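**Student:** One-letter residues, chain by chain:
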Amino acid sequence: MNKNSSNVMAMAPSTSNKRETVCIFGTGDFGRALGHKLIQSGYPIVFGSRSTQAPSLIPRDAEVLSHAEAAQKATVIIIAIQRQHYNFLTQLAETLHGKVLVDISNNLKMNQYPESNAENLAQLVPGAKVVKAFNTVSAWALQSGTLDASRQVFVCGDNMQAKQMVMDIVRSLGLTPVDQGSLLAAREIENYPLQLFPMWKFPIFLSLGLTAFFFFYCLTYNVIYPYVHENQDFSFYIAITIANQICPTLALILLASVYLPGVLAAIIQLYRGTKYRRFPDWLDKWMLCRKQLGLIALAFASLHVLYTLVTPIRSFIKWRTSSQTISEALNNKTEPLNNTNAWLGDSYLALGILGFFLFVLLGITSLPSVSNSVNWREFRFVQSKLGYLSLILCTAHTLVYGGKWFLYPSSYRWYLPHAYMLSLIIPCIVLVVKFVLIFPCLDKPLTRIRQGWERNPQYSE
Amino acid sequence: MNKNSSNVMAMAPSTSNKRETVCIFGTGDFGRALGHKLIQSGYPIVFGSRSTQAPSLIPRDAEVLSHAEAAQKATVIIIAIQRQHYNFLTQLAETLHGKVLVDISNNLKMNQYPESNAENLAQLVPGAKVVKAFNTVSAWALQSGTLDASRQVFVCGDNMQAKQMVMDIVRSLGLTPVDQGSLLAAREIENYPLQLFPMWKFPIFLSLGLTAFFFFYCLTYNVIYPYVHENQDFSFYIAITIANQICPTLALILLASVYLPGVLAAIIQLYRGTKYRRFPDWLDKWMLCRKQLGLIALAFASLHVLYTLVTPIRSFIKWRTSSQTISEALNNKTEPLNNTNAWLGDSYLALGILGFFLFVLLGITSLPSVSNSVNWREFRFVQSKLGYLSLILCTAHTLVYGGKWFLYPSSYRWYLPHAYMLSLIIPCIVLVVKFVLIFPCLDKPLTRIRQGWERNPQYSE
Amino acid sequence: MNKNSSNVMAMAPSTSNKRETVCIFGTGDFGRALGHKLIQSGYPIVFGSRSTQAPSLIPRDAEVLSHAEAAQKATVIIIAIQRQHYNFLTQLAETLHGKVLVDISNNLKMNQYPESNAENLAQLVPGAKVVKAFNTVSAWALQSGTLDASRQVFVCGDNMQAKQMVMDIVRSLGLTPVDQGSLLAAREIENYPLQLFPMWKFPIFLSLGLTAFFFFYCLTYNVIYPYVHENQDFSFYIAITIANQICPTLALILLASVYLPGVLAAIIQLYRGTKYRRFPDWLDKWMLCRKQLGLIALAFASLHVLYTLVTPIRSFIKWRTSSQTISEALNNKTEPLNNTNAWLGDSYLALGILGFFLFVLLGITSLPSVSNSVNWREFRFVQSKLGYLSLILCTAHTLVYGGKWFLYPSSYRWYLPHAYMLSLIIPCIVLVVKFVLIFPCLDKPLTRIRQGWERNPQYSE
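Protein chains in written order, with the numbering used here: chain R, 1 to 461; chain F, 1 to 461; chain H, 1 to 461.
Please note: incorrect hints may appear among the correct ones.
One copy or two, it doesn't matter: identical chains are merged, so the pair holds either way.
[Claimed, not checked] Under the rule of at most 35 Å between Cα atoms (straight-line distance), these lysine-lysine pairs were calculated in the DSBU-like manner:
id: 1; residue 1: K285; residue 2: K318
id: 2; residue 1: K444; residue 2: K333
id: 3; residue 1: K318; residue 2: K201
id: 4; residue 1: K318; residue 2: K109
id: 5; residue 1: K109; residue 2: K333
id: 6; residue 1: K73; residue 2: K385
id: 7; residue 1: K201; residue 2: K385
id: 8; residue 1: K275; residue 2: K404
id: 9; residue 1: K333; residue 2: K201
id: 10; residue 1: K291; residue 2: K201
id: 11; residue 1: K404; residue 2: K109
Hints are computed from structural coordinates only; laboratory data are not their basis.
These figures come from a predicted structure and were not determined experimentally.
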């Protein structure tokens, strides 16, 4: 043991200001990884364990004592034990009185217990100052030193001083402590590492549902109808042609659904005459996942761009082009350039390119590091002004592409319109309502409401 | 009131270390939002108001008192009032003596008043310690909890301790305080949320101006000239053909203008024989917006790539290709492969692809989070070495594309050269001068000057 | 001098809490830049110099004294002198006793001296508290205020208090101090600004080597073979055709090599029955540069996409298409659509697009700011699940593209298979082994081993 502590001295040479000993209860995987890292940062470490026989994997510079002995040597005690084994701590209540207990435990599923592990610990050892921390860090990342994912360590606790001590330890390990408030926040912190893109769930399910719907719709329209009516096999359309109908359709619908809740909120505020009443729950949730909806729309738009650009190297298209050319050559006829077609063809492509370009710009500004480096006014400018411009361009792109088809009876197969006609419904509604809301007679009261003005102010006198 | 304070207790349970009461003057929109957030973080809140009748929108756990009473309850007083109503504070001078006053106000336009709001407040209440903070945060973001834009709160003030107290509050709200120095910085902090991409103004106006110039130039060259001389209508060129001449031209000119100021600075330093004299103002400003110029150039280059890739699906190009093929077929002639053309065609495409690839790489490394994770030497390596390589490749791409046209008289319409010839001027100048500067007879003295050596050292003895 | 200090007062007005004087030894380039910046932040500055004649470039508000006099005026002394001139400090040992010496020096090459500059300084002046800091910041960046590259300042030192004082100064300059532990870390900190993408070296050399190999392989296969056997000149293939064979080949091999070490590690862990024995060194290193390998693979994949998309605008391809069409027209034959070809052609393109799309997604999540905003479970989900899906799609894309060629004798020139056949070896191995490892009989023990279970636990009793 003497040898061990002298080793620690060598690592943190200046004896006058050596770091305080930290105690770790439990010699499991995470306890050991944390011990290693703490020793590297110059903390003397003592492990508390049932068996005081040091297992071979304990860091060399650490000593292993019984729980009670180990606890006496340190102010900060890290509880690297699973929640179901916490009960033995009640026997140590006296020793642990006034100590800082760091709860680092995680559960296997969300909200597994009625109260959080940290609050449970605080109830078991009422005299101790419980701090929740480190549960978001992986043992593997600590060991390998490659903290690719977050360096943030969420910390919460009721005692300011205890929290400060733990945050100092976190900082000296090269991690970033984030104060999350009182121990009430422990539940949320314990759920955090278990969640899998919670904000993305609704947008992803929505887009999966829409994808399935439009897949079968386009399959009916493009493959089943020709097969039934003309006995032609266009099943290979599934790979690219149908995918390239689904992608732009979803991109446009999802992009419009980013701006729809804002428009709805404006109508509700105008109707109510105040901004101080909560929106319906569904609208609140919708508004909070607009960023995710927009990014999924961008993903579909990018796929649409790639699917469109490979068109000329598809073997079906090559065959169609060459057989058209051959038949024209054999019929000895050369068509003159149709100027209107040239205009329409070029402008729908140009509108699409510009709309997609603005859309990518929106995506880039929603990267965390970019949005952190702009102020609120700049962020709003990009996300609102440029976003609407992008929606207008993309809607125009779709309208120019197939506007003429609305009039052709052949566009309606089994009375079904072409998929892209359906894709235009929501964007057009959003743009029309937004256009109406810009009129001064509606814009002025709305602006005043948003600045805090109320049509029927209510005081609780 | 007793009920209220007991609620606060429930939220910040550990009584021994409960947070200090914070007072907020003003029950307006931002005051209430901040109050809500502070209560959530465990601060007891007291509002100071003219009317002590609590309006319904005040957070339940807060109490509302007169200004003087409220001020006595707290050390930190947040002034959530507009600047024009500050005057009543002079009457409270005695109560406010020694208190920390947090000025959170913003103006409607930049430099609206001769002195900043915070400095004005400090003059009105000379005994108080004024700290500027929170003005960059939006009330809506505080309320909804979605701080998409910056979490940074700029803080400044003359009293270190007062500033520290405010920064602790900022931190406990989950925001990041950034110390900006003494109260002199308040003016800049108050201007910050009003600015709209100030560093982007010059680059954007420059590129808009150039875009307009080249649009009319290309319109004359490609549409008006054929219409006048051959009576042909190529107006549909506007959508893509002309856009795809403007984009690469601007991309190349702007990319070269990123490296031009560096070359000019080197010449000036060589001429003066010292690096310790300031550059002319225009050069300083130019050097500071090089990143923005480069990113706009990248935007134009990306548009050029998209415009080029859609070429084969344009209806005009499809018509031209098929009518050429048909006329060849009808004339019964097949041309053999021209090997030189194949070489030239493929190499200009390959050069363009590689140049664009490096350009995108430069763009990615200029993302804040990426540039923060490289050291100074790595950043210089990418931005300087790879940047010049990209400029060389893009210039070569343009030269190979249309080098032969320099010699054709038909390239000069109304004595005007083709737009891409103009686009080559600045890049070629930059590359030639840079090439000259690499010669040891110039590079050696330049390196020594940049290390601090002076040809005619001046001491102020 | 009196005039100077009164100026300083004007900049940090509140006299009751004015910042402590900082002393800078050395009036060189970096010393002056730091002095300017410190004065801007309100620190009174005194320079220590051999000659007390203030050179003209010293900031106006600073005074210049002899080393001993200057040292007495401040607690924190910044040593802006090169290491080879440190020796005179031994004479000042008495004056410097108890002072905080900040070593900001850098070396010209890595590990230039047996011990770090800061440790050397600590040996020369044993009574002082040496702190290493500021060496990663460039003088130019300090002067111009544009800290494009990192704002991080690595700080290390044995005395906690001294380190804290230096970190406070760093913070007040608007920079981010990062505590790196005891003075032992100085060596690493001194090497940091000299390194040039150390983690990228192996991946870049590997990919350069593979590029060279596949370039000559494809040159032999596509240019030399036809020239020798059929006397045809396909040298223009070098620009695009061969590049577009190298890029997908390298992208696939490098992507597979991202997942190969994980598969190898699993086999080793299964064989050993424990996760607590270190992997071989080469495997450890390989695992640590997986991110870099993946990003280089993404770069090659992006180039492949661009090279493929320009196919229809290559003059060689245009010539080939039109001469094929003409010869068909002249022979008066029109081939019917081959449905199988249409299916194969479209599905290989669709697989490639989806694989590339997921690949780009992986690249985006590896941006520092994005990976910081997800938790460990989400990061693993994207990098592992989506990564394997991308590998499967890209391998399938390659298999569908040229699977039939395996059977054609004409694909083997001089007994060499086509390059893309070679590219399939590693991906197929990785996918097959991974598929085997998913079986419960292997997956269950592996999961238990990774949770810390050992087949033959060893205790050092």
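**Student:** Under the constraints set out in the numbered hints, which ones does this structure not fulfil?
**Tutor:** Numbers 1, 2, 3, 4, 5, 6, 8, 9, 11 - these are the hints that the structure violates, sorted from lowest upward.
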